[in-house]
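K.L.:
Guided by the hints, dock chain B onto chain L, whose structure is given.
Chain by chain, the residues run as shown.
Number of protein chains: 2
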Amino acid sequence: MSGKATWIWYPDDFEIWLHQKVSLRRQERHATVPPIWKLDSCHSSVSFRKRVELEREETILLAAEGQFYVSIDYVIIHDPPDAILLRPGTYELTVWVANENGLPAIYVEGDTINSDGSWEVSYNTRKFVPAAHLQFNDASEPPSCYRLEVEPIRPVGWMASTESPYGRIYDFGKQTFGYVRLHGLQGTGTIHLYYGESLEEALSKRFCETLDTIKAESDSAVYTNPRSRAFRYVHVECEGEGASFEELTALYEYLPIEPKGTFRCSDELVNRIWDTSVYTLHLNTREFFLDGVKRDRWVWSGDVYQSVLMNFYSFFDDDVCKRTMIAVRGKDPVETHLNHIMDYSFYWFISIYDYYTYTGDTSFLAHLYPKMVSLMAFCLERRNKDGFMEGYPEDWVFVDWAEMDNRGVVSTEQLLLARSLEAMSAFASAMGDSERARTYRELHDALLPQIEERFWDERQSGLVHSWNEGKLNRHLTKYPNLFAVLFRYLSEEKRRGIAAGVLLNEGVQSITTPYMRFYELAALCECGEHDRVMEEIVSYWGGMLDLGATTFWEAYDPSQTGAEHYAMYGRPFGKSLCHAWGASPLYLLGKYYLGVRPDAPGYERYTVEPRLGGLEWLEGSVPTPRGPIDVYMDQTTIKVKASSGTGRLRIPAGKRAVASIGEVIEREGGYEIVIDRPGETYVVTYG
Amino acid sequence: MSGKATWIWYPDDFEIWLHQKVSLRRQERHATVPPIWKLDSCHSSVSFRKRVELEREETILLAAEGQFYVSIDYVIIHDPPDAILLRPGTYELTVWVANENGLPAIYVEGDTINSDGSWEVSYNTRKFVPAAHLQFNDASEPPSCYRLEVEPIRPVGWMASTESPYGRIYDFGKQTFGYVRLHGLQGTGTIHLYYGESLEEALSKRFCETLDTIKAESDSAVYTNPRSRAFRYVHVECEGEGASFEELTALYEYLPIEPKGTFRCSDELVNRIWDTSVYTLHLNTREFFLDGVKRDRWVWSGDVYQSVLMNFYSFFDDDVCKRTMIAVRGKDPVETHLNHIMDYSFYWFISIYDYYTYTGDTSFLAHLYPKMVSLMAFCLERRNKDGFMEGYPEDWVFVDWAEMDNRGVVSTEQLLLARSLEAMSAFASAMGDSERARTYRELHDALLPQIEERFWDERQSGLVHSWNEGKLNRHLTKYPNLFAVLFRYLSEEKRRGIAAGVLLNEGVQSITTPYMRFYELAALCECGEHDRVMEEIVSYWGGMLDLGATTFWEAYDPSQTGAEHYAMYGRPFGKSLCHAWGASPLYLLGKYYLGVRPDAPGYERYTVEPRLGGLEWLEGSVPTPRGPIDVYMDQTTIKVKASSGTGRLRIPAGKRAVASIGEVIEREGGYEIVIDRPGETYVVTYG
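Quick note, the sequences are listed as chains L and B, same order. Every letter in the first sequence is one number past the one before it in full-length UniProt numbering, and letter 185, counting from 1, is 185. Every letter in the second sequence is one number past the one before it in full-length UniProt numbering, and letter 188, counting from 1, is 188.
Same shape as in the complex, but just chain L:
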């Protein structure tokens, strides 16, 4: 046997199947809470084909997930289908598989015939496409065996095990995720587990968000709870005297990825913020990018975009990006916006735009391209007569959790549409689809001046909120303005006007969600406000650490006290204390302080523009597909070392800049040095 075989299936079906399973794991107390959106299933019946030319007879071994049979030039082989002797000759080998309860997949292993990406597959529409495969290379480990890694963990610290009014409290020392285990379980009876991201939550039998009830029926050396939970504390109550156990531990479940990005600086609090952000993102980076591990445990496209960006300065794991993009998009036909939210359809395009820029992964672009085209067609179909996107009654026009009237044409949505069209034009070009590239580009080019004309308010020096029933709603919010800055739309002059008149204007409604603060702080960095943003990072994220946070939260209001912090959605412990969007310092510190960003897909060209933002020194490494870019900066020296590609190091204006290698050029009110010697450290003194 050649051993080159791998499990294969219909493209996207693995991700769609896995997304369905993962999405149905959200529980709130006794309720299983499926997503509020359409949940696709994988195709249940598919056929795989391969043109074979056999010089000598060969026995192939087959394994399948589902019921299956083999045909040769469409004649059914009636043998037991797991080992088949093939005669010499040239013919079409087809394996038909149906799986009512999961992903139909096959594994074929022979001397010369092995299932791999050269096979084609159809969901029996007679249209065949290349089969998909991942890392399932063992006949006995089909894709349905996909599991994250687990590792035993134990309660730690002074509260590792303490009595509670009803039983015992176990503290794992920090927020974690996994399966609780009871060792030495004896007797019969009921054991209740109440989980807490906070101690208060674990102690609240009535209001803790998640709980489990174990019916002990026989002695067990180790009982492992079948459901994974998010917790730091576990509060255990044994009902009556029936059942008991000796020890409680857990299996920590995680995606086996290591951070490739690093960051260290002169401020230890900022270093702790970085580390806690890495851990927060890691816990939420699982089968897919989840919004939070306690709640919702769902895949929301708007949250995904932020995780994608953070990922590029930390784990740089493109597999989870791809799994997530496929899953959240689902199957055609498009019947609703992603997660029902208009903005979230746009964030999907924009996520892929950034994914492509950071990774240069053209093949994934090609893979998703048809579904991008169909989602964009769905969006464009919903424009009003002026060419703007307005919410249909069934659409959710979200933007942010804040006071605003999202009826009619909301300016933020139009900016996201413009960026999506820009992305689609770039994708179409990369795909050689010049006709669509032109169409999208023309739509984009026509839309931008239209937005400006309709929404720019010279008096307020910003884009105003919306247009409804023939009237302009002059409500000034930060949202459209920060996207105009981030996407570099409008003129340089107007962007400066926005910075002063909107972003730094305390009279404008402030943003209270970490979700939109992500973009706000990024936009402030784009406006050169690094010192101010660093102060913000220290006070906001540092504030959570001061309150004992071990991961960052879904929301944080410094004016609250005590257990008030844990309440949300009208429930005392409704807030997620481990929320992906809480980890945004990863992106801010990587992109705007280490200052590394790609200028061409896959970092073929890039910029390094480090900023201290009030720190004494900083250093770190930013992962790229071509190897790391290492940056060090203090008040007199900058060091940069890259593995590949061509970069430009940009240094703000000053009296001087002297480089150990390369030429220092004065440009755009600063200095610039071209970095084109892989592996060599460029040392620049400046000041």
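One thing to keep in mind: the hints can contain errors.
Given that identical chains are not distinguished, each listed pair holds provided it fits within a single copy or across any two copies.
Stated by the list, open to error - When the alpha-carbon atoms are kept at most 25 angstroms apart in a straight line, the in silico DMTMM-like pairs for lysine to aspartate or glutamate are as follows:
| hint | residue 1 | residue 2 |
| --- | --- | --- |
| 1 | 371 | 394 |
| 2 | 215 | 435 |
| 3 | 215 | 82 |
| 4 | 591 | 317 |
| 5 | 50 | 335 |
| 6 | 205 | 239 |
| 7 | 371 | 381 |
| 8 | 371 | 332 |
| 9 | 331 | 394 |
| 10 | 127 | 394 |
| 11 | 322 | 239 |
| 12 | 21 | 100 |
| 13 | 205 | 82 |
| 14 | 331 | 381 |
| 15 | 21 | 318 |
| 16 | 215 | 79 |
Because the hints were derived from the structure by calculation, they are not lab data.
P.N.:
The following block gives chain B in isolation, referenced to the frame of chain L:
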């Protein structure tokens, strides 16, 4: 509790789920053979909603297939979800259900709140439709429990149990279907069951089409084989001395419907043909109309149409018609023709046209209407520049198993399209969709003269086969011509020309499949050739009975001998000996000899035009939604009694016709009597 609750689900999902299960039951020896077409799955995650106004508090009991929770005005209820106390008030009650492995469905029972068709459901697209329900009115019997009836049967006759070279043969006396049972199973070892629709097949361990292997591991009073099989004979071999049993019986599985139509006549052979046809159709009328019980056990739209027609003269079960129409159509979007076959898309429209005419079931029409419109849009989209349907490379243009070149524009397909457009126009009118009604009518009216102009060959007095690459293929086949006769297209004169020049012309390629002979014999009856068709019925179907058939076959060639009859598709026992389309005498005898047919939907108006076709007398009852129409005829007397509606009794020209009730009018070369007195027997003497 009011007891008015019933299980509810998303419309069509029950049928789609059941179709998936049933379609995956086809086995050939060791191979499970899924259908060659796309197999849809039901939605896995849906939400049900109901606006409730409660005057006093009420506890509702919930049962669900899948994981579920309840929300009130979109706030999650965290209680264990199976019994919920609702407070007084007016609010929206929503039940969210997800089922990864089957049909999501719920059952809600309270004092005033009960799940029923007044609830709405969405697959979480935010578009809600009324929930579907059938006869599942018991909380403990959800739709997943749907089973046909079973009844114990035993081997009979002289061969009830006989030794074979390897074991024993059991004969159930006639073709049957169900689960073999072994009584008094003892010991451990392997028992092989080889099934035969013929004795030869059961004796052929190597070539029998279906078999089972039982691994006996413990003693069992009654072991029931888990898979249903089609068989008359079971050949049992106990491997070695390990396992044995005392008795073999079976559970006959059937749809619990009784024939409502009857037929008796002076020829006992014709009576046996009728009875055997009823049994053949009954065996194939199950969860859906299947093509054959041994093979394919699939739902083919072309076969379905014939079963639908036969059903109207025998069981008149509209439920199986509806289940089948929904299942074979599947979900939107339409990606291929039904079963991949262009003709089979058209037969679906035409089946519904006849279904509607016979039943008058407007509500089912309304239910399917959106999917009719989308399938017709798919078809019309595929017309060529001349407005004709041509096969795309992935389409199967079938017509019949016979020598013909189906490239280009095949005339038969255009006639089926015309009939489908006629049907769609009628449906649109019935739905009050006058715009589409006009569009379809105009397309139909334009297409008919185009067909005639392109394909009518005056010299051959018929429609010729096809048009390909700018050339007319003058090959003369019966197919387009018999449909022109059946659909009453072309002029009366041309139809007479077709009868003489094509249908009765022995020089024209004869039809050899029972599938197309169905239409051929019907068309001959339309041309008044009742005597000739009766001779054909007696010789063709009588021929199978002479060979010992207990059900009618997929194909029959009188020139073959012995076991040659059982071979097909290159396999010695490949032929199905119990095939729905073999039962076509039901339709022929009912429609053209008893002579009863509806003239307006649901038999509001109808015609009775009995013909002896060479018999001395005949009598029978034809079911209608308004009660039976009874007919008797001999060489001097006709008697008709109807329960409702207005009919016209038509009697061929002769010297006289005298009626006991009503007035005899001379019309169109015959006599006519209006039947408008329900329950009274009209007696007419003629001659």
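K.L.:
Look at each hint and say if it fits the structure.
P.N.:
We went through each hint and held it up to the structure:
With identical chains, the CA atoms of residue 371 and residue 394 are at most 25 angstroms apart both within one copy (22 angstroms) and between copies (22 angstroms). Proximity of residue 215 and residue 435 under a CA criterion of 25 angstroms is satisfied in neither setting, with 63 angstroms inside one chain copy and 63 angstroms between copies. In this assembly of identical chains, the alpha carbons of residue 215 and residue 82 lie at most 25 angstroms apart only when taken from different copies (19 angstroms versus 40 angstroms within one copy). When the C-alpha separation of residue 591 and residue 317 is checked against a cutoff of 25 angstroms, the pair qualifies only within one copy, where the shortest distance is 17 angstroms, while the shortest distance between copies is 70 angstroms.
Taking identical chains as interchangeable, the C-alpha atoms of residue 50 and residue 335 lie at most 25 angstroms apart only when they sit on different chains, with a minimum of 23 angstroms there against 34 angstroms within one chain. Only within a single protomer do residue 205 and residue 239 lie at most 25 angstroms apart by alpha-carbon distance; the minimum there is 13 angstroms, versus 61 angstroms between protomers. Taking identical chains as interchangeable, the C-alpha atoms of residue 371 and residue 381 lie at most 25 angstroms apart whether they share a chain (15 angstroms) or sit on different chains (22 angstroms). Taking the shortest Cα distances, residue 371 and residue 332 sit within 25 angstroms of each other both inside one copy (7 angstroms) and across copies (17 angstroms).
Proximity of residue 331 to residue 394 under the C-alpha cut-off of 25 angstroms is found in both arrangements, the shortest distances being 19 angstroms within a copy and 22 angstroms between copies. Taking the closest pair of Cα atoms, residue 127 and residue 394 come within 25 angstroms of each other only across two copies (8 angstroms); inside a single copy the shortest separation is 33 angstroms, beyond that limit. Taking CA atoms no more than 25 angstroms apart as the test, residue 322 paired with residue 239 passes in neither setting, with 46 angstroms inside one copy and 53 angstroms between copies. In this assembly of identical chains, the alpha carbons of residue 21 and residue 100 lie at most 25 angstroms apart whether taken from the same copy (14 angstroms) or from different copies (8 angstroms).
Taking CA atoms no more than 25 angstroms apart as the test, residue 205 paired with residue 82 passes between copies only; the shortest distance there is 20 angstroms, against 52 angstroms inside one copy. For the homomeric pair residue 331 and residue 381, the shortest alpha-carbon distances inside one copy (18 angstroms) and between copies (23 angstroms) are both at most 25 angstroms. For the homomeric pair residue 21 and residue 318, the shortest alpha-carbon distance inside one copy (21 angstroms) is at most 25 angstroms, but the shortest distance between copies (38 angstroms) is not. In this homomeric assembly, residue 215 and residue 79 come within 25 angstroms of each other (Cα to Cα) only across copies, at 19 angstroms, whereas the closest approach inside a single copy is 46 angstroms.
Figure legend: structure checked against the earlier numbered hints; hints not met, in rising order: 2, 11.
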